[in-house]
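Visitor: So in the working numbering, the last spot in the sequence shown is 563, and the numbers never skip.
Everything labelled a hint here was simulated from the structure, so no lab data went into it. Positions of the beta carbon are idealized from the N, C-alpha and C atoms, including for glycine. Each hint can be trusted.
Dumping the calculated SDA-like pairs for lysine to any residue here, alpha-carbon to alpha-carbon at most 25 Å: (1) Lys176 <-> Gly352; (2) Lys39 <-> Thr54; (3) Lys69 <-> Ala52; (4) Lys227 <-> Thr137; (5) Lys76 <-> Ser99; (6) Lys92 <-> Leu168; (7) Lys101 <-> Pro517.
Here are the in silico distance ranges between beta carbons for each label pair: (8) Lys421 <-> Gln209: 37 to 43 Å; (9) Lys553 <-> Pro446: 49 to 55 Å; (10) Gly468 <-> Arg36: 48 to 54 Å; (11) Ala177 <-> Leu110: 24 to 30 Å; (12) Asn535 <-> Pro503: 26 to 32 Å.
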Amino acid sequence: MRTPFPSFTYHYWLIRRTYTDTDTDQRSESTDESNRKIKRLSRRKKRAYKKAKTSGNVDDTERYKRLQKDTTYECKKAYNTYIGDMVADSPKKLYSFISSKRCDSSGVPLLKKDGIGYSDPRNKASILNDQFCSVFTDEVQDNMPSMPTPPAPDMPAFQVHQNGIEKLLQELNPHKAQGPDNIPTRFLKEFAAELAPCLTLIFKASLKQGKVPSEWKQANVTALFKKGDRTSAANYRPISLTSVCCKLMEHVIHSQIMRHLDRHSLLTDQQHGFRKRRSCETQLILTLQDLAAGIEEGEQIDAVLLDFSKAFDKVPHQRLLHKLDHYGIKGNLLHWIESFLSSRTQRVLVEGHASSTAPVRSGVPQGSVLGPLLFLLYINDMPGIVSSPTRLFADDSLLYRRIRSVQDTAILQEDLRKLEKWEKDWMMHFNPSKCEVIRFTRKRTPILASYSIHGHELGVAKNGKYLGVVLNEKLSWNSHVDATTKKANNSLSFLRRNISSCPPTIKAECYKTLVRPIVEYAATTWDPHTTTNINKLEAVQRRAARFVYGDYKATSSTSAMVT
Numbered sequence: 001m002r003t004p005f006p007s008f009t010y011h012y013w014l015i016r017r018t019y020t021d022t023d024t025d026q027r028s029e030s031t032d033e034s035n036r037k038i039k040r041l042s043r044r045k046k047r048a049y050k051k052a053k054t055s056g057n058v059d060d061t062e063r064y065k066r067l068q069k070d071t072t073y074e075c076k077k078a079y080n081t082y083i084g085d086m087v088a089d090s091p092k093k094l095y096s097f098i099s100s101k102r103c104d105s106s107g108v109p110l111l112k113k114d115g116i117g118y119s120d121p122r123n124k125a126s127i128l129n130d131q132f133c134s135v136f137t138d139e140v141q142d143n144m145p146s147m148p149t150p151p152a153p154d155m156p157a158f159q160v161h162q163n164g165i166e167k168l169l170q171e172l173n174p175h176k177a178q179g180p181d182n183i184p185t186r187f188l189k190e191f192a193a194e195l196a197p198c199l200t201l202i203f204k205a206s207l208k209q210g211k212v213p214s215e216w217k218q219a220n221v222t223a224l225f226k227k228g229d230r231t232s233a234a235n236y237r238p239i240s241l242t243s244v245c246c247k248l249m250e251h252v253i254h255s256q257i258m259r260h261l262d263r264h265s266l267l268t269d270q271q272h273g274f275r276k277r278r279s280c281e282t283q284l285i286l287t288l289q290d291l292a293a294g295i296e297e298g299e300q301i302d303a304v305l306l307d308f309s310k311a312f313d314k315v316p317h318q319r320l321l322h323k324l325d326h327y328g329i330k331g332n333l334l335h336w337i338e339s340f341l342s343s344r345t346q347r348v349l350v351e352g353h354a355s356s357t358a359p360v361r362s363g364v365p366q367g368s369v370l371g372p373l374l375f376l377l378y379i380n381d382m383p384g385i386v387s388s389p390t391r392l393f394a395d396d397s398l399l400y401r402r403i404r405s406v407q408d409t410a411i412l413q414e415d416l417r418k419l420e421k422w423e424k425d426w427m428m429h430f431n432p433s434k435c436e437v438i439r440f441t442r443k444r445t446p447i448l449a450s451y452s453i454h455g456h457e458l459g460v461a462k463n464g465k466y467l468g469v470v471l472n473e474k475l476s477w478n479s480h481v482d483a484t485t486k487k488a489n490n491s492l493s494f495l496r497r498n499i500s501s502c503p504p505t506i507k508a509e510c511y512k513t514l515v516r517p518i519v520e521y522a523a524t525t526w527d528p529h530t531t532t533n534i535n536k537l538e539a540v541q542r543r544a545a546r547f548v549y550g551d552y553k554a555t556s557s558t559s560a561m562v563t
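Let's have the full structure, built from the sequences with the hints guiding it.
Guide: So, in structure tokens, the structure goes:
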């Protein structure tokens, strides 16, 4: 007789581990009773199995099967209770549980270097650190480029107030990880009133002297996988975990710089990344309005999707400081930012093991508060050097132009040449292999032209992804809806595999968190009007309704389930 012991033993161990991981004092009496019941059933089932195997009696076999069924039922009941307690206690625990079930949550797998695979965490950390350091820019300070616009007014001095620091401390998320200085975020939040005066004095002294403590310039780097081959270190992005106290200081400086930039309208309108009241959706709406207007007027628009290579890591510090001075950021604040960027160090952490410490020669820290704003200021002048419309969202760039004649294609190519000169002057780099051209038109005989960057001819595509939305050359949303429904159905199938036995409230919560955002992302820009695409999206909703209520009968109405 075949026994399911190994499978049951695993699930029973999972239940026990789940409950024993929680605080014993917080366990309810019902939970303890459930655990005791499962243990008793497990022991009785084992004894029944041995007896049935020895005797071969039909009654003994039936008794064993009955106990096996009862034990499985109690395990599922305890498991669902645990999930329900997680939702009631903290939704974050539920999301962490769901993330742990995903295949992409396994950390950094085996990495290859020179054709040899390495699985040891310390070796993987060293490989990633070497890769991240290899993209740094070694700046040549001779012949500093000039800015195309007049200098901005000087930014006025500002004060650091204790009340503001205390408010920032109170708003900290206590679950955020501590930085290399090992000061817990929860400690800073709990003792906000006591720590605010001390931190205020430190921040004032740091800003007055234009110096940043060396402990604030250390970073523990986590490797975040992007896409492609997981065994290649080049396919990972570095995210820096820095001092929480330094981030508080960055918050103060960030708000003051943004106030200065907004007062004088220094940031280009084409930039929608990392700015208030601007988002991917606002950028897409403006871009699609231009493209749709051109198609409705029977014209052709050639668009070039530009891809920066390691943009945040390549920003040269002296050129960045030169631009900050041009935008009116001077004096002690400029010295503070210079100190913030210089003499930085980093080490990569993988599975609790750290690489050796390496100097950071260029770039703005990804994961810091001030880094994204500094990057925006660094590429802020890029749209002004070309005559064609440009759209920016951080380092995602789009250059396009209405093509009425061959001369327009020549102008667009000349704009690409100007961008080549700009990247050379400012030591940035476009990746031609990842740049592509889309011709938005419904003409039967469009004007064909080839475009190139660094002598590399850019490929022409019928579909291209911009800010997470698939753009089609005829502005048809078939491809985007297909991609969206496929991704949503994959996530829904993942939930069905892992939490199908959970109560409807939990399944509904997971659907709202993991599936519906996929369907609704930037929907204001592509909301379909064709019956076919609407039905594809509605099919996802109907599958989700059946999943939540566990009702897959053909005679059941999904509309009634929703209501």
